[in-house]
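Okay, so the sequence shown: first residue is 5 according to our numbering, each after it adds one.
Warning: the hint list may mix true and false statements.
[Said to hold, decoys possible] Below, in silico cross-link-like pairs of lysine-lysine (PhoX-like), each with a Cα-Cα straight-line distance of 25 Å or less:
#1 LYS224 - LYS184
#2 LYS184 - LYS154
#3 LYS184 - LYS130
#4 LYS154 - LYS130
Treat the hints as calculated values from the structure; they're not laboratory data.
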Amino acid sequence: MILLISDLHLQEERPDITRAFLDLLEGRARQAKALYILGDFFEAWIGDDAMTAFEQSICQAMRRLSDSGTALYLMHGNRDFLIGQAFCEAAGCTLLSDPCVVELEAERVLLMHGDTLCTRDVGYMKMRRLLRNPLSLWLLRHLPLSVRLKLARKLRSESRAQTRMKSTEIVDVTPEEVPKVMAAHDVRTLVHGHTHRPAIHKLMVDGEPARRIVLGDWDKRAWALQVDAQGFQLAPFEFP
5 MILLISDLHL QEERPDITRA FLDLLEGRAR QAKALYILGD FFEAWIGDDA
55 MTAFEQSICQ AMRRLSDSGT ALYLMHGNRD FLIGQAFCEA AGCTLLSDPC
105 VVELEAERVL LMHGDTLCTR DVGYMKMRRL LRNPLSLWLL RHLPLSVRLK
155 LARKLRSESR AQTRMKSTEI VDVTPEEVPK VMAAHDVRTL VHGHTHRPAI
205 HKLMVDGEPA RRIVLGDWDK RAWALQVDAQ GFQLAPFEFP
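Given only the sequences and the hints, what does the whole structure look like? Please build it.
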């Protein structure tokens with residue numbers, strides 16, 4: 005069994021989500037061969053050197069799972085793209101590139117956070133290119149902690165305001181982009197998060213049946229995709 009989750013947006017202000025994640029680590033994930041976290045794991049991340057006691061407790065819980073034998077994989081999201089190797093080494097997880105092709109139960113599967121599929125959101129795509137530029141990343145990581153905190157609050161506030169003003173079509177994936185990306189990676193299954201719209205969409209890629217599986221965000225309940233001999237099963241579960 006393999007589990008895939010995304011968009012937990014972990015933060016101290018949501019202890020219900022934190023408890024649900026810790027329960028997953030201590031229970032169901034112990035039976036899994038691997039756990040994949042596809043971005044926006046934390047609500048915000050300003051650098052591995054700025055870990056709070058809360059973030060350290062999450063890191064330690066992940067390490068316990070890794071030490072138990074479950075492989076852990078983490079992908080950057082738009083909220084936590086400054087997570088670095090120091091955190092991953094401490095947590096016992098492998099940082100994945102976005103996009104990334106993996107083999108799940110003998111099937112090639114494309115994993116993405118999902119934000120790069122939202123090409124109609126021109127303003128966001130421009131900002132993403134700027135922030136993910138290697139020079140920008142270096143500068144962000146070397147800014148004083150107080151400056152990074154202020155910048156993170158500003159970006160989060162602006163992001164929420166802009167998202168409320170944009171149409172649902174703009175903040176969702178661009179339909180034409182999906183088969184193009186899947187064909188480029190020669191896959192028939194794509195799994196991503198970001199849009200907070202859990203579903204399994206059927207489509208055609210190069211004349212063959214394909215599917216796009218959208219992971220749900222953890223807000224009113226949790227979501228996980230389970231991959232095993234029975235196939236790909238996307239289902240929610242209640243918070244403890």
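**Request:** Against the earlier hints, flag every one the structure doesn't satisfy and list their numbers going up.
**Result:** 1, 2
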